[in-house]
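Participant: Here the protein sequences come in this chain order: A and B.
Taking my numbering, the leading residue of the first sequence gets 64, the next gets one more, and so forth.
Taking my numbering, the leading residue of the second sequence gets 64, the next gets one more, and so forth.
Among these hints, one or two may not hold up.
Identical copies look the same in the list; a pair holds intra-copy or inter-copy alike.
What the hints assert, rightly or not - Calculated pairs, DSSO-like style, for lysine-lysine (alpha carbon to alpha carbon, straight line, at most 27 Å):
| no. | residue 1 | residue 2 |
| --- | --- | --- |
| 1 | Lys158 | Lys286 |
| 2 | Lys319 | Lys293 |
| 3 | Lys179 | Lys131 |
| 4 | Lys286 | Lys131 |
| 5 | Lys65 | Lys84 |
| 6 | Lys65 | Lys179 |
Read the hints as simulated data drawn from the structure, not as lab findings.
These figures come from a predicted structure and were not determined experimentally.
2 protein chains.
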Amino acid sequence: MKIILIGAGNLATQLAVALHKKGVTPACVFSRTEESARQLSERLNGVPYTTVIDHLPADGDLYVFAVKDSALPELLPRIPANWGLWVHTAGSVDKEVFRPFTNRYGVLYPMQTFSKEREVDFNEIPVFIEANNEADALLLCDMAGKVSGKVYRADSEQRKYLHLAAVFACNFTNHLYALCDRILAEHGLPFESMLPLIRETAAKVAQMPPTEAQTGPAVRYDKNIIEKQKALLSEPLMRDIYTLMSRSIHETHNPKND
Amino acid sequence: MKIILIGAGNLATQLAVALHKKGVTPACVFSRTEESARQLSERLNGVPYTTVIDHLPADGDLYVFAVKDSALPELLPRIPANWGLWVHTAGSVDKEVFRPFTNRYGVLYPMQTFSKEREVDFNEIPVFIEANNEADALLLCDMAGKVSGKVYRADSEQRKYLHLAAVFACNFTNHLYALCDRILAEHGLPFESMLPLIRETAAKVAQMPPTEAQTGPAVRYDKNIIEKQKALLSEPLMRDIYTLMSRSIHETHNPKND
């Protein structure tokens, strides 16, 4: 299978490296940035790369667009006409974005947070697949199955909610860690002292549903502690977050009667 | 050292079991609930227990109050007079709560979330110590060092902020997992598909500061995605959380000029 990879960012790199390890090295890499394209090419035993989108080979079997959502509308019309299957890797972009340009298209959405600094074990990453015809969906499942042990199918509607759920579980969670870090730093306390708690909080929900794992002043609705803690927060935005999260925890555990 | 343990809840149990494993078994256990007292006693090779606070031995070296914050004011006046060191295990209770009753007192605050269902490795748990005199602070450090590899000192003021930081890093974070679970369940998607992302998000901040680890639409301030995602949330409280967290992420990464 001849794979053409469009993009050389964190996700593109980790996907390409994972495929390469399984002997399915992309045949060509595109990035607008020469430096990124060259770096990724080097990690893939020097496969050809280009920074000119119109120069992409037209005989690919699979075109993987692993770029920022906003780059798609500009790139798609410039891809040389071809018979390959086109997929993107985005949570919140409908597969129909491809319809004006090709009649074989789909999505390969890996559920993970990628950074340059951390190599992740792709085999542990859930990958969500969809395509506009069943043969291509099976082809994608097969290809994704080479790098991940957890391949699911999800349509574009479900994928929007997957992405939304990930924003809560990853982006917002990480921001809570950042707020925690800020509170500690202001009082001369080390963030590292919080790591076992962070690890255990994450590990617990692999064993029990999060609503069962809930602890703390808000679930007990300990008004005394809640008010004292709010008074410690000098930043209005952090105080609002404290109030809203406490209310949401309380309402989850004490549903209103209709 | 003769330790008297007041409380038989999750924290009391895990602390007692950890001490027991290190050969420092509490000499007596108190709980208002016969069943809890008996169960904990059994896990400690059948040490004596009581449900009558006035019956506690008066010759203890260390009295550990591992009870709900709200139970302290009622219990303290009923402890038989003694020369031991009194400590509680609470995040948001000042050590001066003991002053009317004894002149040796302090705090032993383990930074972890405890549940009946999960045994935690106490050695990994940071423990924060303070006492009203240096000799007792050293005694507590020594004792805490038997069960934990991470003993820190923190005064009552710092401890309030530790507790507040833990509410963000644990209680609020767990609630985000619960909201994530709710979104997925409503769309027929399995929560387990989110576990690798949850694990990686937690693991990342052991390697880089949380502000550097931040990803997602809010840090890019991708208004298009933010508005689309808000529209997916039908519950007003969840939508408010989404808005507030996104704003807070954005302001953290784009500080206003004064």
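Participant: Each hint needs a verdict: does it hold in this structure or not?
Facilitator: Tested hints:
Taking the shortest Cα distances, Lys158 and Lys286 sit within 27 Å of each other only across copies (20 Å), while inside one copy they are farther apart (48 Å). For the identical chains of this complex, Lys319 and Lys293 are neighbours both inside a copy (24 Å) and across copies (23 Å), given an alpha-carbon limit of 27 Å. For a Cα distance limit of 27 Å, the shortest separation of Lys179 from Lys131 inside one copy, 15 Å, qualifies, whereas the shortest one across copies, 44 Å, does not. Taking identical chains as interchangeable, the C-alpha atoms of Lys286 and Lys131 lie at most 27 Å apart only when they sit on different chains, with a minimum of 14 Å there against 44 Å within one chain.
In the homo-oligomer, the alpha carbons of Lys65 and Lys84 lie at most 27 Å apart inside one protomer (15 Å), although the nearest pairing across protomers, at 59 Å, exceeds that limit. Taking the shortest Cα distances, Lys65 and Lys179 sit within 27 Å of each other inside one copy (26 Å), while across copies they are farther apart (53 Å).
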